[in-house]
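Asks: Each chain is listed here by its residues.
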Amino acid sequence: MTVPSDPPATTAKRPNRLLKNWMAKLASLPMILTALVVFAGGTAWTVTYSFTGSRMLPRTNWVGFDQYERLWNTDRWIISIKNLGIYGVCSMVLTLVIGFTLAACLDRKIRFESAFRSIFLYPFALSFVVTGLVWQWILNPDFGLQSIVRGWGWESFTFNPLNDPNTVIYGLLIAGLWQGTGLIMCIMLAGLRGIDEDIWKAARVDGIGTVKTYVMVIIPMMRPVFITALVLIASSIIKLYDLVVAQTGGGPGLSSEVPAKYVIEYMFRAQNLGQGFAASTMMLCSVVIILIPWAYLEFGGKKRG
Amino acid sequence: MSKTLKSLLVGTALTAASAATAIELEVTHWWTSGGEAAAVAEFADAWNATGNTWVDGAIAGSGSTARPIIISRIIGGDPMAATQLNHGRQAQELIEAGLLLDLTDVAEAGGWADIVNPSSLLDACTLDGKIYCVPVNIHSAQWIWLSHAAYENAGLEIPADWNEFVASAGDLEAAGTLPLAMGQQGWQQNIAFGAITIAVAGLDAWKAVNIDKDADVARGAEYTAAWEAIANARELARASNVQDWNQATNMVITGQAGAQIMGDWAQGEFAVAEQVEGEDYSCLPGLGLNPVLDTGGDAFYFPVNDDPEITGAQKELAALLISPEVQVSFNLAKGSLPVRGDIDMSSANGCMQKGLGILADGGVLPSADIAFSQDSMLQIEDLMAQFWSGDMSAADAQASYAQLIEDAD
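Same order as they appear, the protein sequences are chains P and A. So the first sequence is numbered by my numbering: it starts at 2 and just counts up by one. So the second sequence is numbered by my numbering: it starts at 1015 and just counts up by one.
For the record, the hints were derived by calculation from the structure and aren't laboratory data. Given the structure is predicted, the values throughout are model-derived calculations rather than measurements. Fair warning: there could be bad hints in the mix.
[To be verified] List time: in silico SDA-like cross-link candidates among lysine to any residue, alpha-carbon distance up to 25 Å:
id: 1; chain 1: A; residue 1: Lys1227; chain 2: P; residue 2: Thr75
id: 2; chain 1: A; residue 1: Lys1144; chain 2: P; residue 2: Pro124
id: 3; chain 1: P; residue 1: Lys83; chain 2: P; residue 2: Ala261
[Claimed, not checked] Residues of chain P placed beyond 10 Å of chain A at every Cβ, according to the derived structure:
id: 4; residue: Gly42
id: 5; residue: Ala45
id: 6; residue: Val98
id: 7; residue: Leu122
id: 8; residue: Phe144
id: 9; residue: Gly154
id: 10; residue: Trp201
id: 11; residue: Ala235
id: 12; residue: Phe269
No residue lacks a Cβ here, since even glycine has one placed at the ideal position from N, Cα and C.
Chain A with its partners taken away, still in its complex shape (with noise of 0.2 Å):
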C-alpha cells in the first residue's frame, strides 16, 4: 500500500516538476478546415519546439459561432491564453474593460512598427497608443475567380477585367452557363459589392464612404453608378441558388459559373480541387480594375492572467507568431500574404504573388471590421441580403445605404 502511495506522490511531484518549465497555454480559434488545420499546426510546432505546450483549443464553426463562445469566456472569468479573433473592432470593448494583455513592450523589444507591412494593421491592434494584438496574416476580399473551362466551352477569351467579364455575360448565358457563382448570405453578397464599388466608384469615393462615413458621397453620383452596376450583377446571378461560398467556389470548379466575386481564402478550395492557377482557373485582385486589396485578417489576443509566469509564456507566444520562420511556414500553409514584408516568399504561387505585388506596392484598404463596427457591418450586410435576392431597384437600395453609413459607427 505505502509503496503505491509513494510511487503515486512521486508520479504527482514529477507532473508537477514538469509543469513547471514547460507551460500549457490554451490557444482558442476557429481554423478547422483542411489547410487552415494545417497552418495552426505550424504554429503548434513552433511553440512546442521551445519546450512549452500548445494545448489546441480549436472551436468548430464561422468565426460567427467561435467568437460568443471566446467572448463570453474572457468575461466570465475563465479566460484562454490566447485566442485568435479578427483584428478590428471586436476586441475593443474587451480592451475597454482591461481584459486583454497590454502587448506594448514585446513590440517595441521585437521592432513591430518597422516590420509590420501595411502599418495599418498594428493600428487596428492598437488603442490609446499601447498595442493589444498580434495581426498574423492578411486576407483580403477583392478577387474575382474566372472559370476557363466555362469560358473555353462558350468559346470566349478570359476576360482582363469586370467591364469584358460583364461584356461577356451575355454569350456564357447563350451557351448556358451561369455568368456569375453567388451563394445567398448577405456576407458574401457585401464582399461581392465591397469588390464592385471600388471597381466602378474608384477609389476615393469608396474611401470617403467607408472610412470618413460620408453620407454624401454615399447618395451622390459614382455611387448611383455603383449600385447600378450591383443591380445589373443581380441579374447575372440571378438563377444561382447555392447558400454556402465554398458551393458558389465548386460552380466555378466545374464550369457551371463563369466567375465569383469572393475572398483569396477561395484558392484553398482550388487548390483541394488540384486545379492550376492559369491553366484552370484565373483571378483578378480589385477586378483588374482597382488592383487595391484590403487588409483584413486574423490576429491574436492574450486574455489577462493571474499568474506572472503564464503572461510571461504569454508575451513569448507573442513574439514567436510574428518571427519570421513561423510566418513563412503559417502563411504558406493558409494561403494567406504574411504581415511582414521582409521575408522570403518566392515559393507562393501566382495569386499570392499578385498580392504580395499589391502590398508592396501599397495598394491596401482597410477592410471592413476595421472601418465599422460588427453592429453596422450586421445592418448593411442584411440590407445587401434583401437587395440580392429580392426586387428592391438601385436607388431605393442607395437611399438606404446612405442612412445606414449616415448613423454608423
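Okay, chain P solo, but in the shape it has when bound (with noise of 0.2 Å):
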C-alpha cells in the first residue's frame, strides 16, 4: 500500500524544486531586478548612447567613434589616465605594505593594541571630503606642515607638493594612503590571527626567523585576506573623485584630474553627454581588463583544482 503511494509524490517534489525556499527567492527578486536594469540595462543604455552625438538630451543621432576619438586626442583625458596610473600603482603598493607591516607590528602582542587599532583606523571614519579638505590645510605652505617646520628654525625647509604640477599627485597619494590604510590593516590583522599557533612554533623548531617566517610561510597562506584587499584597493582607486574635488579640485591647472571628474564635467557642466559616456566606457573598460583575467585565475582555477 505504501509503495504505489511513493512515485506520486516523488514527481509532486520536482516542480516544487523551484518553489522550494520561494520566501528566500521572493524577497531576492527585487535585489536581482535592481541588478539587472539598474546595473546590466544602465550600462548597456550608457555605453549605446557613447556612440551618438547627444549634448544635453539623450539623442539617437549616430556619429560612430567620433567620440572616442576626441577621448583620446584631449589632453585632459590623458592627463587624467596618467594620473590615475600613477596614484593607483603606487597606492595599491603602498597600502599594502603598509597595511601589512601595521597589521604584523600589531600582531607582535604589544601593549594598548587596541588603542594603536582604533587611532590607525580611525580616518577611515572620516569621508573623503573631509580628508581632502584637511590635508590641503596641512599641506598648506602657508600655515600647514611648512610654516610649522620653518617656525621650529629650520628655515630652508621646503614640502609644498600641492602647488607644483609635478608633484601634486603625490599630494593626493598621502592623504589617499592616510584614509585607506587602516582598514587595509584591521583585515590583514584578522586575517594573521587566523593563521594558526601550531605554523608559528613549527617555524621557531626549525629556527626560521620571523621576517622570513612571515614573507615565506605566513604571506602565501593569506592568499584570500590579500584578495580581499586588493579588491577594496582597487575599487577606492577607480571611484577616486570627491577626494580631488575637496583637496585641489584638479589644480593645479590639469595636473591632479581624474578619469571620474572628467566624466562628470562633460556630462554636466559641458552639457555632452556623448563625451562623458564614452569616457565612462573608457573607465569600465578599463576595469573589465584587468576584473577579467584575475576572475579567470581566481574563479576558473579553484574549479579545475
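Both chains come to you apart, so use the hints to assemble them.
Replies: As C-alpha cells, then:
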C-alpha cells in the first residue's frame, strides 16, 4: 500500500524544487531586478549612447567612434589617465605594504593594541571630502606643515606638493593612504589572527627568523585576505573623485585631474552626454580588462583544482 | 470632535480660497552671496507687493552647481515656475524640446524690442523668432582692478591702461608686490585671456574668432601677439597660488597684488571691504585700451506648466522683472548694469557709470556664453588651465586654441 503512493509523491516534489524556499527567492527578487535593470541595463544604455552625438539630452544621432576619437585626442583625458595610473600603482603597493606592516607589528602582542588599532582605523571613519580638506590645510605652505617646520628653525625646509604640477598627485596619494591604510590593516590583522599558533611553533622549532616566516610562510597562507584587500583598494582607486575635488579641484591647471572628474564635468558642466558616456565606457573597459583575467585565474583555477 | 473637524474644514477652505487669489511661484536661482541675496529680495518684494507669493528656491553654490539641478528638475517633470539661467546657449536644447514657455506675447505687449539695450540680449533669448526669456542684468568681464595701496607702496603712478601696467610690473616686483593676482581656475584664466586678447589683438580679430569662429585668424599674427602677451602675463602671475576669484580680489584689496583681471562682480568685494573707487582702487574697462564690454548676464526662464493660472502668473512675473522700478532697485543692489537704457541710474558709483557710458556708446560684444556652447567653453577653459599653470609655449597654445575654434560650435 505504501509502495504505489511513493512515485506520485516524488513527481509532485519535482516542480516544487523551483518553489523550494520561495520566500527567500521572492525576497531576493527586487535585488535581482535592480541588478539587471539598474546595473546591467544602465551600463548597456550608457555604452549605446556613447556612440551618439548627444549633448544635453540623450538623442540617437549616431556618430560612430567620433566621441572616442575626440576623447583620446584630448590632453585632459590623457593627463587624467596618467594620474590615475600613478596614483593606482603607488596606492596599491603602498597600502598593501604599510597595511601589512602595521598589522604585523600589532600582531606581535604589543601593549595597548586596541588603542593603536583605533588610531590607525580612525581616518577611515572620515569621508574623502573631509580628508581632502584636512590635507589641503596641512599641506598649505603658509600655515601647514612647511610653516611649522620653519617655525622650529629649519628655515630652508620646503614641502609644498599641492602647488607644483609635478608633485600634486603625490599630495593626493598621502591623503589617500592616510585614509585607506587603516581598513586594510584591520583586514590583515584579522587574517593574521586566523593563522594557527602551531605554524609559528613549527617555524620556531625549525629555527626560521620572524621576518622570513612572515614572507615565506604566513603571506602565502593569507592569499584570500590579500585578494579581499586588493579588490577594496582597486575599487577605491577607480572611484577617486571626491578627494580630488576637495583637495585640489583638479589643479594647479589640469595636473591632478582624474577620469571620474572628466566624466562628471563633460556630462553636466559641458552638457555633452556623448563625450561623458564615452569616457565612462573607457573607465568600464579598464576595469573589465583588469577584472576578467583575475576572475579567470581565481575562479576558473579553483574548479579545475 | 465635530467642532474640531469643522474648524479644520473651515481652515482648509480658507487656505484653499487664499491660494486661489494669491498664486505661489517657486523661483530658483543661485544668488546666495550677501549682495546677490539683497538683489533677489528686491524681486521678491516687488512680486509680493502684487498680492502674489514668491517662493524662494535659492541653490547654494555657483552656476555650475545649480544649473544641473535646475535642468534635471525641468527634464524630470518637476519644473519650478521660473528659474535663473545665464542667457545664451545653455537653454537652447530645453527650448527645442518644448519645455520652456513662449513669452513672445508678453514681449510684444511690453515693447521689449525697443527698450532692451543692447538688443543682443534679446537676441540671446530668441529662437526661431520667439522669445523665451527675460534678461534682467548685464555683467561684463573685461575689467582690470588696480590696487592704489600696492602702487603707492612701490612709489609708482597708477597705470592708465594694460601697456602701462605691464611696464610697471618690474618695479612692482622689485617692491615685493605680486604684479597680477590670478585664481588658478580655468574660467578665471579664460576671462583674463579674453580681456587681454581684446586689448592686444584688437576688436576685429576678436570678433572674427569668437563670433565667426574663423580658425585662420586664430592662427594669424594678431593672435600670436596676444598669446605672447598672455605668456608674459602668466609670468607676472606666477607666484599667485590662490584658487578662488575672491581670494585673488582680496590680494588686490590688501595691496599684496597690483592688479586683477576679473568681471564687474569683483566690485561687490571692494564694497564689502568698504573701499572707495578712485581712492582705494581703480577700474579700467576693456583694460583701458579698447573700451568695450561683453554683455553676458542673467536671464529668467519659465518652464511650461499645465495649469493656465500659473502660466498667467508666469507671464505677469516676466513683465514685472523688466519693469523700470524693479530694474533700478535690483541692479543697484547687485552692482550690475540694467538691461534697459531708458531708466535713471544716477545713483550708481564710478565704475558702474563707466560701464553705462560704454553701453550708451554701443561698445558691446556678445559674451562667450552666447558665442560658444558649454562644451566648447569647457574645452577652452581646460586649455587655459593647462597653459597658465605649466610651461606650455605660446605657439603650442595658439595651435591648440585654433584647433578648438575650428571644431567649436
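Asks: Determine for every hint whether it applies to the structure shown.
Replies: Consistency of the hints with the structure:
1. At most 25 Å may separate the alpha-carbon atoms for a hinted pair to count; Lys1227 of chain A and Thr75 of chain P meet this at roughly 20 Å.
2. Distance restraint check for Lys1144 of chain A and Pro124 of chain P: the Cα-Cα separation of roughly 56 Å exceeds the 25 Å cut-off, and the hinted pair is therefore not satisfied.
3. Taken as a hint, the Lys83 of chain P and Ala261 of chain P pair is honoured in the structure, with Cα atoms around 13 Å apart against an allowance of 25 Å.
4. Look at Gly42 of chain P: its CB is around 18 Å from the nearest CB on chain A, clear of 10 Å, so calling it non-interface holds up.
5. Non-interface status of Ala45 of chain P relative to chain A is upheld: no Cβ of that chain comes within 10 Å, the nearest being about 21 Å off.
6. Separation of Val98 of chain P from chain A is adequate, the least Cβ-Cβ distance of about 32 Å exceeding the 10 Å criterion.
7. Under the 10 Å C-beta cut-off, the non-interface status given to Leu122 of chain P relative to chain A holds; the minimum distance is some 32 Å.
8. Non-interface status of Phe144 of chain P relative to chain A is upheld: no Cβ of that chain comes within 10 Å, the nearest being about 13 Å off.
9. Against the 10 Å criterion, Gly154 of chain P stays outside the reach of chain A, whose nearest CB is about 24 Å from its own CB.
10. The Cβ of Trp201 of chain P lies farther than 10 Å from every Cβ of chain A, with a closest approach of about 53 Å, so its non-interface assignment holds.
11. With a cut of 10 Å on Cβ distances, Ala235 of chain P stays outside the contact zone with chain A, its closest approach being about 28 Å.
12. Chain A draws Phe269 of chain P into its interface by the beta-carbon criterion, the shortest separation being 4 Å against a cut-off of 10 Å.
Violated hints for the displayed structure, listed by number in ascending order: 2 and 12.
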